[in-house]
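Q: So the chains spell out like this:
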Amino acid sequence: MSSLDWRSWTSWRYLTGRMRRGWRASLQWRTVFITVAASGAAIGLVGVYMSVSVGNDLFQSRLNQVLVDSNRATTGAQGILDSSDAADRVQVQTLLEAARTSISTASSSRLVALFRVPGQEASTVAPQDSSTFGTSTSVISPDLRASVQDDADGQLWQSVALPADDGSLVPGIVVGSQITVPVAGRYELYIGYSLADAEATLLFVQRTLGGAGLALIVLIGAVTWIVVRFVVTPIRVAAETSEKLASGDLGVRIPEKGEDVIATLARSFNGMADSLESQIKELAELSEVQQRFVSDVSHELRTPLTTIRLAGDLLYDQRSTFPPATERTAELLHTQVERFELLLADLLEISRYDAGSVELESEPTNLVHLAEDVIDGMRSLSESKGTPIMLVAPGGHLDAEVDPRRVRRIVNNLIGNAIEHGEGKPIIVSVDSNESAVALSVRDYGMGMTEAEITHVFDRFWRADPSRKRTIGGTGLGLAISLEDAIAHRGWLQVWSGPGVGACFRLTLPRQARGQLTTSPNPLPPEDADAGGFVSTQTDSRGDHHV
Amino acid sequence: MNSRILVVDDDPALAEMIGIVLQGEGFEPHFCADGSLALDAFHSVAPDLVLLDLMLPGMDGIEVCSLIRAESGTPIIMLTAKSDTTDVVKGLESGADDYMVKPFNPKELVARIRTRLRPVPVETPASLQIGDLIVDAAGHEVKRGDQSINLTPLEFDLLLALASKPSQVFTREMLLEQVWGYHYKADTRLVNVHVQRLRAKVEDDPDNPRIVMTVRGVGYRAGAAG
Chain A
50 MSSLDWRSWT
60 SWRYLTGRMR
70 RGWRASLQWR
80 TVFITVAASG
90 AAIGLVGVYM
100 SVSVGNDLFQ
110 SRLNQVLVDS
120 NRATTGAQGI
130 LDSSDAADRV
140 QVQTLLEAAR
150 TSISTASSSR
160 LVALFRVPGQ
170 EASTVAPQDS
180 STFGTSTSVI
190 SPDLRASVQD
200 DADGQLWQSV
210 ALPADDGSLV
220 PGIVVGSQIT
230 VPVAGRYELY
240 IGYSLADAEA
250 TLLFVQRTLG
260 GAGLALIVLI
270 GAVTWIVVRF
280 VVTPIRVAAE
290 TSEKLASGDL
300 GVRIPEKGED
310 VIATLARSFN
320 GMADSLESQI
330 KELAELSEVQ
340 QRFVSDVSHE
350 LRTPLTTIRL
360 AGDLLYDQRS
370 TFPPATERTA
380 ELLHTQVERF
390 ELLLADLLEI
400 SRYDAGSVEL
410 ESEPTNLVHL
420 AEDVIDGMRS
430 LSESKGTPIM
440 LVAPGGHLDA
450 EVDPRRVRRI
460 VNNLIGNAIE
470 HGEGKPIIVS
480 VDSNESAVAL
490 SVRDYGMGMT
500 EAEITHVFDR
510 FWRADPSRKR
520 TIGGTGLGLA
530 ISLEDAIAHR
540 GWLQVWSGPG
550 VGACFRLTLP
560 RQARGQLTTS
570 PNPLPPEDAD
580 AGGFVSTQTD
590 SRGDHHV
Chain B
7 MNSRILVVDD
17 DPALAEMIGI
27 VLQGEGFEPH
37 FCADGSLALD
47 AFHSVAPDLV
57 LLDLMLPGMD
67 GIEVCSLIRA
77 ESGTPIIMLT
87 AKSDTTDVVK
97 GLESGADDYM
107 VKPFNPKELV
117 ARIRTRLRPV
127 PVETPASLQI
137 GDLIVDAAGH
147 EVKRGDQSIN
157 LTPLEFDLLL
167 ALASKPSQVF
177 TREMLLEQVW
187 GYHYKADTRL
197 VNVHVQRLRA
207 KVEDDPDNPR
217 IVMTVRGVGY
227 RAGAAG
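Taken in order, these protein sequences are the chains called A and B. Per the numbering used here, the very first residue in the first sequence carries number 50; after that it's consecutive. Per the numbering used here, the very first residue in the second sequence carries number 7; after that it's consecutive.
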């Protein structure tokens with residue numbers, strides 16, 4: 050393949066690719082193309098019809114003319130022949146020449162042929178066959194000759210292709226009839242007429258039609274382009290505007306011009322955008338007011354709670370000097386104030402997430418060290434429950450860009466839950482990493498959860514079994530906050546569990562701040578999971594504003 | 007002599023309760039309920055330590071803190087109902103040594119106060135060198151050449167901790183334990199903010215520190231002597 054071919058090939062491909070894209074992407078192109086194609090087909094049909102009918106008409110009128118012409122010429126020649134008294138060969142020859150000349154003159158055709166009708170008795174006087182058709186005498190077909198021979202009085206014609214002077218073929222008509230030459234007998238007379246003039250006229254008409262048709266198609270294309278542009282441009286503006294609106298830019302509007310249907314579209318679109326904007330603003334304000342209220346309440350509660358806390362602790366420290374009932378009261382006051390405090394802190398944290406005012410303070414953090422720390426911190430609790438905690442860390446000995454405070458809170462929560470629901474069986478904490486993510490799984494072998502319970506496990510204030518005894522005294526917000534923490538990191542918090550087979554919570558975080566997760570280094574369900582058990586599908590609790 | 011503690015809080019019940027706790031621990035509490043009167047109270051009481059609520063009528067706690075810090079290195083512990091980042095950092099940047107988020111318990115409060123009143127003794131020689139500074143541990147004084155640099159007790163403790171082990175890299179957690187007396191995970195922003203304040207005072211170019219060096223991902227260490 051030569052370079053030129055290659056270039057034209059690639060440019061062709063480029064062009065078709067471009068056209069295909071244009072076809073799919075542009076309503077304007079498509080409309081123009083369809084209009085041009087349809088009108089082109091219509092114009093083509095009309096053009097062909099006109100060309101055919103003009104051609105027929107031209108031929109028919111020329112034929113009539115030719116027939117009249119040849120008839121006149123034949124009659125004239127017969128007259129010359131009839132009025133003659135030629136008797137010998139030379140005279141007959143001369144007479145026939147004269148008749149032919151008369152025919153040529155009358156018919157203005159150079160093509161005249163005379164053949165003696167076969168089947169007459171031989172005559173020495175009869176002149177020989179003659180033809181000015183020259184080499185193209187063969188255009189006079191045997192069929193025509195047979196017909197002429199059979200019909201002594203008729204005038205017969207046939208369309209033929211005549212060679213022109215320059216060697217090309219032009220359409221023509223050969224008219225055949227019989228004349229009677231004195232003494233010599235009957236002769237077939239053939240006169241050839243060229244239709245070159247009619248052909249030229251037809252060609253001219255066809256060219257004119259074709260040119261006009263092409264011009265018309267181009268014109269229709271251009272007009273369609275302009276008209277469609279008028280209609281499509283506002284629609285495109287509307288489409289772009291609604292796209293912006295959908296992506297959250299509530300301030301965009303379509304310019305309103307005129308009184309037509311496009312302007313109506315713009316007006317109603319803008320009306321819709323206005324009401325949408327005001328409603329969203331209203332909702333946002335309401336939600337803001339509500340979130341601020343929750344936050345304010347939490348804050349306002351803190352000062353009296355501090356006083357209560359100080360008072361309660363003071364009493365608690367002196368409880369040994371109280372009578373037994375008062376001593377127990379001081380203890381209850383102490384523990385319940387603590388619980389109240391935790392609840393308030395969690396409530397405040399949730400309200401902060403709801404308000405979208407959470408900012409990560411990421412720093413390089415080693416997840417293995419963090420897990421070790423948390424396990425150490427939980428040592429006394431796990432020992433009191435007789436639950437051994439093991440840390441398995443095939444990977445994860447690296448610094449990930451995460452907020453250590455939030456990750457610590459998640460891990461604390463997961464391990465705390467595992468201790469509470471693990472029924473004293475061992476807990477395995479595994480940390481691993483891959484090129485883009487770190488993961489921490491907490492596996493327990495306790496009572497586990499049903500599929501229905503798994504779907505609610507991250508809900509606020511949800512408890513697996515309301516009658517179950519609480520030892521850690523969680524607030525019911527722990528996992529909800531953990532999930533928010535994970536999402537704030539663009540991470541995942543998922544759970545696998547089944548009744549009686551324990552549970553495995555897996556936290557997966559991107560190693561880089563604002564990284565994207567595709568896979569987790571830790572498997573879920575865990576490797577030691579037997580059949581049965583379900584994996585939570587949700588990774589995003591609400592999928593709303595704060596991310 | 008009992009340490010005098012000025013409690014600046016507008017909630018009478020809480021102030022009284024804090025007073026009861028402090029008295030029980032042998033401190034001598036004084037009270038002020040209005041931010042705009044806090045500085046006068048500070049002058050008249052001349053406390054050893056200030057407990058300062060962030061939300062005060064009259065004058066904002068942060069403003070009070072800057073005013074006190076402008077004339078004295080007296081330890082200030084903020085009491086805040088907000089643990090929101092911006093408020094805490096603002097308070098620390100205005101000069102507070104430590105902060106406590108409400109609700110706190112009495113033991114915690116007393117422990118924080120004792121740490122600030124009796125800084126953890128660091129066994130060090132009388133005089134240390136860090137960068138081009140001379141740290142006089144006994145005299146609580148820092149000098150660059152002949153020029154004395156005025157540090158708050160906390161900033162001095164921080165610098166002394168770093169200077170006493172020049173070869174060691176201190177994590178934020180180690181500094182929290184040694185300087186602030188936290189024996190559990192606490193807010194490392196305390197360290198960050200106070201290192202910034204310290205640098206602003208002792209460094210020639212705080213953006214390009216030579217005395218308190220950052221070890222990225224780990225913590226801080228003392229700059230080379232000389």
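One should not assume that every hint holds.
[Claimed, not checked] A few chain A residues that face chain B, going by a derived Cβ cut-off under 7 Å, partial list only:
{"no.": "1", "residue": "D345"}
{"no.": "2", "residue": "H446"}
{"no.": "3", "residue": "E450"}
[Unchecked claim] To list a few chain A residues with every Cβ distance to chain B over 12 Å, as calculated:
{"no.": "4", "residue": "S324"}
{"no.": "5", "residue": "S347"}
{"no.": "6", "residue": "E349"}
{"no.": "7", "residue": "V386"}
{"no.": "8", "residue": "A394"}
{"no.": "9", "residue": "S406"}
{"no.": "10", "residue": "P453"}
{"no.": "11", "residue": "M496"}
{"no.": "12", "residue": "E576"}
Quick caveat, the hints were computed from the structure, so don't treat them as lab data. By construction, the Cβ of each residue, glycine as well, lies at the ideal position given by its N, Cα and C atoms.
Q: Please settle this one: V386/A was flagged as non-interface, so is its CB more than 12 Å from every CB on chain B?
A: Label violated. Min Cβ-Cβ 8 Å, cutoff 12 Å.
Q: Hey, does E349/A actually stay past 12 Å from chain B on C-beta?
A: violated (8 Å)
Q: For S324/A, is the shortest CB-to-CB distance to chain B above 12 Å, so the non-interface label stands?
A: holds (35 Å)
Q: Mind verifying the non-interface call on P453/A? Its CB should be farther than 12 Å from each CB in chain B.
A: violated (8 Å)
Q: Does the claim that S406/A lies outside the interface with chain B hold up, using a Cβ gap greater than 12 Å?
A: violated (8 Å)
Q: Hey, does the D345/A contact hint survive, CB to chain B under 7 Å?
A: Violated, because the Cβ-Cβ distance from D345/A to chain B comes to roughly 10 Å (cut-off 7 Å).
Q: Run the C-beta distances from S347/A to all of chain B and say if the shortest one exceeds 12 Å.
A: About 9 Å separates S347/A from the closest Cβ of chain B, which leaves it inside 12 Å; violated.
Q: Looking at A394/A again, its CB stays over 12 Å from all of chain B?
A: violated (8 Å)
Q: Hint check: is the beta carbon of E450/A less than 7 Å from a beta carbon of chain B?
A: This hint is violated: E450/A lies away from chain B, its Cβ roughly 10 Å from the closest one there, beyond 7 Å.
Q: May I ask you to check that E576/A keeps its beta-carbon over 12 Å from the closest beta-carbon of chain B?
A: Since the minimum Cβ distance to chain B is about 32 Å, E576/A lies beyond 12 Å and the statement holds.
Q: If I take the minimum Cβ distance from M496/A to any residue of chain B, is it greater than 12 Å?
A: M496/A clear of chain B: closest Cβ-Cβ about 31 Å, beyond 12 Å.
Q: Does H446/A meet its interface restraint, that is, does its C-beta lie within less than 7 Å of any C-beta in chain B?
A: violated (13 Å)
Checked against the numbered hints above, the structure violates hints 1, 2, 3, 5, 6, 7, 8, 9, 10; every other hint is satisfied.
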